[in-house]
Structure formats: structure tokens, C-alpha cells
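Could you build the full structure based on these sequences and the hints that come with them?
Going down the list, the sequences are from chains W and H. Residue numbers for the first sequence follow the working numbering, so the first one is 1057 and each next one is one higher. Residue numbers for the second sequence follow the working numbering, so the first one is 962 and each next one is one higher.
Since no wrong hints were added, every one of them can be taken at face value.
Which bits of chain H does chain W cover? Going by a derived footprint, with three or more residues having C-beta under 8 Å, they are:
no., region
1, 1012-1022
2, 1041-1049
3, 1121-1135
Chain H residues, not near chain W, derived (Cβ > 10 Å throughout):
no., residue
4, H992
5, P1069
6, Y1071
7, V1101
Since the hints were made in silico from the structure, they are not lab data. Using N, Cα and C, we set each Cβ at its ideal position, and we do this for glycine too.
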Amino acid sequence: MSISQKIVDDFVANGIEFVTTVPCKQLAGVIEEVEAHDSIFHIPSNKEDEGMGLCAGAFMGGKRPAIIMQNTAIGVTINTLATLTQYYRMPLPMLISYRGELREPVACQVEMAVHTKALLNQLSIPTYHFHKESDVDELDAILKYTFMCNKPVAILTDASFWGGYGDQ
Amino acid sequence: MIRSEILREIAPILRDQLVVCNIGLPSQELHMIDDQPSNFYMLGTMGLSSSIGLGLALSQPKTVISIDGDGSVLTNLGTLPTIANNVADNYILLIIDNGSYGSTGDQPTYAGKKTKLEAVATACGCENVVTCQDVDTGRVLQAAIDSKQMTVIVSKCDSGNIKLPVITMDPVVIRDRFMNAVAS
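Here it is as C-alpha cells:
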């Protein structure tokens, strides 16, 4: 089973039925799995704060949501995380492509990477960093934790986790 | 008419529906005019009323009305293609277009100048876009509910505000009673 399949299987096993995505090259496989899965409603967003609004509505409508996005989105969504997701106490698993880490070919990605964990820490968002493939084994527990505590939770997935960017 | 007069007039229609209400004065006005557990008041996060309402409409069968403003839609203009491409026939986006940022002191918006939100919504692919005058909002809104088709309403009105208190209700209380209303 691929990592992407394992991730989406864990989503489904934890009752996640509503997933919004903003694409990243590293996340292409998992987005494809989300789109293909019958029990998940996949709704692409134009911007990540919009996606968090959709997820808030889905949660209040009785569906467990999740968002898939790049770490650059943390810069876009701080207000939404603080004044919507956290203020109204809503759960939101955030599967995040952690660009700008080891093996990154694009220098500009490093500029947000160096702020990513600091910003999440400042927001008191529980944060998990998947670096090795076997780290995915914790996803099931992380999802259960997210819906137990009704908080946004970040899962940072770096290039090493995804197996690099191929030939460079 | 100004926004608060429209809200007063349509309150009897809103009472029986799930309502997601825009940040600032619109929520404060609706709260004062006719507070209901089926109203979700946004206390922050400008621009996301339409997104929250769409997510809610796509996740359960009851009719959802997002009350938004022209300034807030401009803040989150990417919402219109998402709405157009994910049709929920239990969803109505009511844009009260007074051409100004009412909650911040009535600064003019671009919607009050050259930009026509009804044309933007249509260009984004929204299929049922209705433009109306303030006095016709109730009739148009009821027709949209009865049609059971996703509808975007742009209601043109005057800018202007009334003095009223902020909402002091705890956000988790707002959310909890709203979720109970959704599930009932």
C-alpha cells in the first residue's frame, strides 16, 4: 500500500468525510486518493482560509473535515485559525506539505519553512513532523487526538517522508 | 433601506432557516433583531460567511442562508468559483450590497464603484444569480428558498448603520446551540 493510500485509509477509518485541498507537488498522490475515494467529499479551495471556512461549516453540519495544504498556508491562515477554528473550538486535522526542508530544490520555500514551526508553536497548535516513512504509523492516533480535543492539529510532512523530489 | 432595515424585514423568513451571518454589524443587528439558536454569528474572520455556509449546506440537507456583504465577498472572492462548481441546492448566498465597509466606518468598496458582484458571480459559473432592490429582498429570498436551487442574491441597498451593542455570547455557546439546531 502506498503512503497516500495509507493516509486516506486512516482518514476514512476516523470518519473523515469532507476534505478540502490546495495543491502541492508533494501532495499530488494523496489528493488523487482523496478524489478517488467514494466516502470522501473532495472540495478544492482557492485559498486555505476559504478551505478552513468550508471545514468549519462541514463540522457544524455533522461531517468530520480535514484540510490538505502547503506550509506556506500557515502565513495565510493565522487569523482564521485563531478567530474561527480555535475560537469556536472546532477540530481540524491539517495535513501539511513541509516545503523548504532537507532535499528542497527551491530556495524561496526555505523562507517559510524556517517560520513554520515557530508560528504553529505561537498558536499553540499541536504539531507532528513526519520525516521517515514509518512516521505515518502515528497518523491514526493523531486523528483520534484531534477529534478528541476539538483543536486544529498540524501534521508536517517533509520531502524525506515523501521520498524526495526525484532526480535533481 | 439600510442593511438593518432589510434584516428586520426578512427576520421572519430567516427564523425557520439555518443562517450564517457575517462578522461585525450584520451579526450584531441580527442578534438584536431576532436572536435564534439557528443563527451562527461570526465574531471574527472577515470573508468566510459564504464558505462556512457552503460547507454546512454540502454536509446536511437543511436550507442554509449565508448573509454576506459586498466588502466581505470582495475579501474572499475565490469563494464564488468554489460555490459555482460545488452546487448545493439547499444553499443561498445573500449578499447585502451597500457599496461600503459598514462595520469600519462606511469606507466605499469597489462593489460600490465599477465592480458588479452579480456579474462576477455569473462569470464564475453561478447559475441562479438574482439582483434585487432592498425592498424586494424578502420576496426574492422566499422565492429562492421555495425554488430549492442554489441561488446567489445581490440586494442593493443604502449604506448606513445603527448604534447597537457587540455580541458578548461565548463563541462555543454560539457554535453549540447552532449545532443542536442543525441536528434537530
